[in-house]
Amino acid sequence: MKNKYKASIFFLFFIFCFVVFYKGLNNPNIYTPNIKVKKNIPLFKAKDFNSKVYINSEKIFDENKYYIVNIWASWCVPCIKEHPLLMELSINQSIKIIGLNYRDNLNNAKKFINEYGNPYTQILIDSDGTLAVEFGAYGVPETLIIDKNKKIIKKFVGPINEETVQEIKSIIK
Amino acid sequence: MKILKIFLITFLFLGTTQLKSDEKNNDFKNKILKNIRCLICQGQSVYDSESDFASSIKLIVDKKINEESSEEQIYEFLREKYGNWIIYDPELNKNTYILWLLPLLLFLLGGAIMIRKLKFKN
Amino acid sequence: MLANQIGYYSLILGLLFSFLLCGVSIRDFNNSNKRVNQNIFTLLFLQLTFVVVSFLSLILSFVNSDFGNETVFNNSHTTKPIFYKIVGTWGNHEGSLLLWILVLTLFIFLFLVKSREQPKKYRILTLLFQQLIIIGFFLFVLTTSNPFNYLFPTPAEGLGLNPILQDPALAIHPPLLYLGYVGSSIIFSASLAAVTQNYISKKWGQHIKKWILISWVFLTIGIMLGSIWAYYELGWGGFWFWDPVENVSLMPWLTLTALLHCILVLERRTALTSWVVILSITTFTLSMCGTFLVRSGILNSVHTFANDPARGIFILIFLFILIFLALGIFFLFHKENKKDLNNFFWLSRESSIMVNNWFMMYFLSVVLIGTVYPIFLDVISSEKISVGPPFYHKLIAPFLAPFLLFMALGPKLQWIKSKIEKKNSLIIFFIISVVLTFSILKNITVDFLFYTILISAAFFLFFTTLKKLFSKKFINVSQVIAHFGFSLFILAILFNGILSSEIITNIKVGEKYNFNKSEIFFKKIEEKKEINFNSIIGHFRITNEKGKVVELKPEIRIYNQPEIITSEADIKTTLLEDKFLVMNIVKGDEYFNIRYQIKPFMLWIWVSVLLLSLGGLISLFKNKYEK
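Chains as they are written, first to last, in this note's numbering: chain A, 1 to 173; chain B, 1 to 122; chain C, 1 to 627.
Misleading hints may appear alongside valid ones.
Cross-link-like lysine to aspartate or glutamate pairs, in silico, EDC-like; alpha carbons within 16 Å at most [to be verified]: (1) B:81 x C:383; (2) C:394 x B:80; (3) B:94 x C:383; (4) A:6 x C:447; (5) C:384 x B:89; (6) B:63 x A:134; (7) B:31 x C:502; (8) A:96 x A:58; (9) B:64 x A:134; (10) A:155 x B:80; (11) B:117 x C:336; (12) B:31 x C:383; (13) C:624 x C:267; (14) A:151 x B:80; (15) A:23 x C:383; (16) B:34 x C:383; (17) A:47 x A:58; (18) B:81 x A:134; (19) C:587 x B:52.
Just so you know, the hints here were simulated from the structure itself, not pulled from any lab data.
Just chain A, with the same shape it has in the complex (with noise of 0.2 Å):
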């Protein structure tokens, strides 16, 4: 009798194991940071890329705006793929794109833009990475979504594509 209970127990253990190792098998095994809660955004000085200035984040988000944050640089190849769709994006009245020059030299970067357009209200430079860690990101390109509450909606590792500018654009109406 208590050897029936025993092999009771292992074999519902088991099951309970199998039915885990199953479900796991189904869910995505690469790390995408993933955003459950809204973050506020950080608070940071900035050089800004064409007057070479400092500013405080706070001037940088201050209007009652949607606001984008486009991590990118001139030697990122995905980047070039993304970027019409950021001008495309950079007609929208209501939303603003700051860009956050990742790593990049400064003449490289001035000639990307020059060739495809600058879709950003503002450019940030960020030469040694640490303004990207403070949003979170760690690669070229990410694409962030801020809201009017000034808080870190949702997050776009990669190039971002139509079907995401779809999705941009559902959010901000």
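With chain A fixed as given, assemble chains B and C onto it according to the hints.
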């Protein structure tokens, strides 16, 4: 015979070249960097990696150490930005009680089973 | 093309032979003849032959760069050196599964040949259970992981082999490792067979011991080779990272070591029978579980093969079929013999073996829980956490000191009942260990108390086993060497950890970097072209504070297919320490980033594991000659 053995071994150690890390600060910083996962690498810590991401993290950790942040505060900062995944040492919280305690419980259980099977008298 | 067809049909034949073998064996089982039907031997041999032919066909396809074969296409390239074309056969998912089947069929053949004195029904049942596993793998390969898929039209060139795998260790690490943990399948099958026959006894213990030893020795060496490879190849000077795939090879090793110790009891008397069966089942189950974790894509690791959900589900179901089968047989058939002398006197060698098992199971639970807990947590509450080295160190290190002490005292106890003899020498050794440790560590500012306890315990084991080695009395050579090897292992790792040092700096050609009265001089850069990569070799001259000079030449390799850049460290090994130098490109700069490490006693880490295996080997050969 035994004394000979002891001398031999002690000699070996005295002869070892030692590059002592005199700076306690360096050890402290390295300890932290070894506990942070490089998110764009395959299974490397920030300490071991020379990637862009790792370099940025190293600068931030440097800055925070200069600002007298404690080890736990630095980890908290990174967890807030990137989630628990970035720190190798799983902290003890409601998600990880089982993780830390289950092996110890099993150890005690094993001990109990073993004691039951042992005879202590003649 | 022809090789491909031969390979594929050989596999199918192998599978058909499995069914044939099952049929013939079941008939022979019911046959009252005392000897196993000769035909079974022939069929097994033929099955093995077909698997070998299939394996050789795949190698041939690689050597011929037959890119029509999908596996060759995915993992090879015309410019790959011939050595890596051959050896790369098992550096991928499909090829390594062929290796699995090869070891499975080889071991059952050898088992049948070498077990002629064993009861016939037991041997046949072992064969049947093993064939079950073999059938499972044949089906897995043929349905989800066929190494002989043909691509049409034939690609002109392949995708190449990952440069990290292009290392001589690829030739021996997987085969030896597989002989170890795939070899444990025979223990699984044999113990299930023995349970149904109520044959778990002293006689069976003596018989199964050599299979446990064979599996254990190969597994130990296989794991060691993996660590050596990581140390030489990965470029950051570590050799164990508590990576899930490493953990997955360590877990069967822990249960196998525990089983090995239990068998020392079982070969003398019929005791601990249930536990031995459980360990036997668990070892292979952990191997299968490891295969699942590594090949299904459920875990993220640098070692994992390309993932595919279909494969994952197949192995998962296969794994759990085996688990439920084993559990079912255990609960249905196992009878705990009342005569089992299961209660041991507390001071006896039997009880010290139980203590070994107690600790081993604890270590196993730490590694197992650390590895799979993130999966459970992710599924149940969608939280992703990392479980890294700090977790394992914190939970394992405190238990090592008492474990080492038990390792020193246990073998001194007699069977059944004992009193500790020669207490004086033990006390002296204990004092020497502590004093020695204290005098070494007091100059080093480190977690003093913790390391003192741990290192003293290791020294204690070291001295007690060393004394035994020099004593002229009869000793159990294999056990002493193995325990001595382990003490050396712990000492080497601890001192390596405490005394290692590293310098990281950016340096230009022609520059000198000074530290601690030593100097690194970046002499020059040399560029070389090899068949499938270009390399930049840095020539460095390092002078230490005593004026001793060493020349190191780390390399940066730029491979052509796939386009990957790797850093190859240059390591100078001496008895006392390793000097380790690795070089990395700094983006957009003429500077190079270098890491120079001095790592004391690295060589002893490997030597000690070899000693450990040597202990096992000696026991294996003693076993043979005593028959």
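Here is what the structure says about each hint:
With a CA separation close to 15 Å, the supplied pair residue 81 of chain B and residue 383 of chain C stays within the 16 Å bound. Only pairs whose Cα atoms come within 16 Å are accepted, and residue 394 of chain C paired with residue 80 of chain B is rejected, the gap being roughly 24 Å. A C-alpha spacing of about 11 Å is found between residue 94 of chain B and residue 383 of chain C, which places the hinted pair at or below 16 Å, so the restraint holds. Distance check on the hinted pair: residue 6 of chain A and residue 447 of chain C sit about 45 Å apart at the alpha-carbon level, beyond 16 Å; violated.
A hinted pair counts as satisfied when its Cα atoms are at most 16 Å apart, and residue 384 of chain C with residue 89 of chain B qualifies at roughly 13 Å. Annotation: proposed proximity of residue 63 of chain B to residue 134 of chain A holds, straight-line Cα distance about 13 Å (limit 16 Å). Taking the CA atoms of residue 31 of chain B and residue 502 of chain C, the gap is near 13 Å; set against the 16 Å cutoff, the hint holds. For a cut-off of 16 Å, the pair hint linking residue 96 of chain A to residue 58 of chain A stands: about 14 Å separates their Cα positions.
A hinted pair counts as satisfied when its Cα atoms are at most 16 Å apart, and residue 64 of chain B with residue 134 of chain A qualifies at roughly 13 Å. Only pairs whose Cα atoms come within 16 Å are accepted, and residue 155 of chain A paired with residue 80 of chain B is accepted, the gap being roughly 15 Å. Straight-line distance between C-alpha atoms of residue 117 of chain B and residue 336 of chain C comes to about 14 Å, which keeps the hinted pair within the 16 Å bound. For the proposed pair residue 31 of chain B and residue 383 of chain C, the alpha carbon gap of about 25 Å is over 16 Å, so the pair is violated.
At roughly 14 Å between alpha-carbon atoms, residue 624 of chain C and residue 267 of chain C fall within 16 Å of each other, so this suggested pair holds. Between residue 151 of chain A and residue 80 of chain B, the direct Cα distance comes to roughly 14 Å. Compliance with the 16 Å bound is thereby established for this hinted pair. Between residue 23 of chain A and residue 383 of chain C the alpha-carbon distance is near 14 Å, which keeps this suggested pair within the 16 Å criterion. Of the supplied pair hints, the one linking residue 34 of chain B and residue 383 of chain C is violated, its CA atoms being roughly 22 Å apart against a limit of 16 Å.
With a CA separation close to 13 Å, the supplied pair residue 47 of chain A and residue 58 of chain A stays within the 16 Å bound. Of the supplied pair hints, the one linking residue 81 of chain B and residue 134 of chain A holds, its CA atoms being roughly 7 Å apart against a limit of 16 Å. Under the criterion of a C-alpha separation no larger than 16 Å, the hint pairing residue 587 of chain C with residue 52 of chain B is consistent with the structure, at around 9 Å.
Violated hints, listed in ascending order, are 2, 4, 12, 16; each of the other numbered hints is respected by the structure.
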